[in-house]
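Our numbering puts the sequence shown at residues 1 to 420.
Bear in mind the hints are in silico, worked out from the structure with no lab data behind them. All figures in this text were calculated on a predicted structure; none of them were measured in a lab. Don't take every hint at face value.
To be verified - Listed below are the simulated DSSO-like cross-link pairs for lysine-lysine, each with C-alpha atoms no more than 27 Å apart in a straight line:
hint	residue 1	residue 2
1	Lys-105	Lys-168
2	Lys-304	Lys-290
3	Lys-400	Lys-246
4	Lys-316	Lys-304
5	Lys-400	Lys-241
6	Lys-245	Lys-400
7	Lys-58	Lys-202
8	Lys-161	Lys-171
9	Lys-310	Lys-168
What the hints assert, rightly or not - Listed next, with one range per pair, are the computed distances between beta-carbon atoms:
hint	residue 1	residue 2	range
10	Glu-307	Arg-413	19 to 25 Å
11	Arg-412	Asn-387	27 to 33 Å
12	Asn-406	Gln-288	17 to 23 Å
Don't be surprised by glycine CBs; every beta carbon is placed ideally from N, CA and C.
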Amino acid sequence: MQLNNLHRFAGFLLVVLIWGQPEAALSASQEDLLKIQREIQDSKKKSTTLKSQAEALKKEAEALRAQLIALSQSVQQREAKVTRLEMAIHELSIEENQARDHLEKRHGQSVETLMALERLALNPPEAIIAMPQPPADMVRSAILLRSIVPHIQEQAQTLRKEVESYAKKRKLLEDRKESLANASLNLEDERLRLDSLIAEKKSLSKRYVRDSEAESKRVASLSKKAESLRGLLEKLAIDRKEQEKKAKAEAKAKALEKEKNKVKAPDEEDDDSEIVLGKPPSGKPITQAKGQLSRPAYGRIVMKFGEREKLGGKHKGISIQTRKGAQIVATYDGQIAFAGPFRGYKQLLIIDHGDGYHTLLTGMDRLDVSVGQWLLSGEPVGVMSSNGSSDANLYFELRKNGAPINPSPWMRRQNAKARG
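Build out the structure end to end from the sequences listed, making use of the hints.
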């Protein structure tokens, strides 16, 4: 009996073990499944947060771009105002010097005129009758005085007008100098604000420095192999096609990986540098923008396209005489293809506008952009040198399929309007 009870207990225990194992296994599987589901939910939340942050960064970058363009335009307008004031002061100084010299030359004559007027005031024609002299002399003196008085009065009036004119010129000159001082301060203030915005744009991207350095090294390697600007443009065009092909392949691979994993990993979210420095929304192609390109700088064109140079060759672009430290901007939307020294150029900037069009700028002392960066028309790209006793010259070219073309028909008229 005791043995039977023992058998029954063993059987019961066996049944419990047999049926209990699947339950334990099922419980473990459920926990794993719940854990995976929680991870997916957390990843989705993180992805949503990162997307919101990326969208906010995108809006901030767009607002910053708009500020950069507006402030660059304002800086150029203030440069124009300062330049006009300087020219006005120069012209007024010449006029003031001429007026002063004229007055000095007439100083002796003016003194004589004043003395004659003084004598006339003390001895009017009516008093001559009382003077002890022969009647004939009295008549001659009266006739002489009568003829001299209008002439003396005319000279006095002319002199008075000249003195008043000189005083007005002096006052106007002082006013212009005061306006120039204020305009120069405003210009310097806006230049500092612009520099601050440029630094802010760079700081928005965590990977900016790393990416730009890698791009610059690759392009610098290409520039060493190029013998001319045309050769450099050809190599850059070939390199761009290779980079586009590589980028498409990488994008396709990422898309497949994303589709495979369904949820994008947090570290695979959009690159900050792509948001801040990447391609802006597509605008009008440059082929449809003839007559609408921004001028790269405010200044006077000192040599036009096709003019004969000193060495006999024809000018392949235009040369613009700018102020010292003048702000330079992108003439149209595009991507920086080259930025840095090349052959005889200290700082060469090449912007690829698509459809085989490039703009080339050289003469700048500082570049504020890097290879691979996308720009909108009017964005700041660099500044001219602030050193030297004379103004600097910016050289600008527009090329189609590597060959220089006349940029003048493509440019907007220079706006002379300046803010106060």
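Exercise. Hey, Lys-58 versus Lys-202, does the alpha-carbon distance stay inside 27 Å?
Worked result: holds (14 Å)
For this session: For the pair we were handed, Lys-316 and Lys-304, check the Cα-Cα distance against 27 Å.
Result: holds (8 Å)
For this session: With respect to the beta-carbon atoms only, verify the hint that Glu-307 and Arg-413 lie 19 to 25 Å apart.
Result: With Cβ atoms ~20 Å apart, the hint holds.
Exercise. Are Arg-412 and Asn-387 spaced within 27 to 33 Å by their CB atoms?
Worked result: Holds: the Cβ-Cβ distance is about 30 Å, inside 27 to 33 Å.
For this session: Given the hint that Lys-304 pairs with Lys-290, test it: the Cα-Cα distance must not exceed 27 Å.
Result: holds (18 Å)
Problem set entry | Agreement of Lys-310 and Lys-168 with the hint, judged by alpha carbon distance not exceeding 27 Å | violated (45 Å)
Problem set entry | Agreement of Lys-400 and Lys-246 with the hint, judged by alpha carbon distance not exceeding 27 Å | holds (25 Å)
Exercise. CA of Lys-245 to CA of Lys-400, is that 27 Å or under?
Worked result: holds (23 Å)
Exercise. Straight-line Cα separation of Lys-161 and Lys-171 no greater than 27 Å?
Worked result: The hint holds at about 15 Å.
Exercise. Straight-line Cα separation of Lys-400 and Lys-241 no greater than 27 Å?
Worked result: Between Lys-400 and Lys-241 the Cα gap is close to 17 Å, so the pair holds against 27 Å.
Exercise. Given the hint that Lys-105 pairs with Lys-168, does the C-alpha gap stay at or below 27 Å?
Worked result: holds (20 Å)
For this session: Indicate whether the distance between the beta carbons of Asn-406 and Gln-288 respects the range 17 to 23 Å.
Result: holds (18 Å)
Violated hints amount to a single one, hint 9; each of the other numbered hints is respected by the structure.
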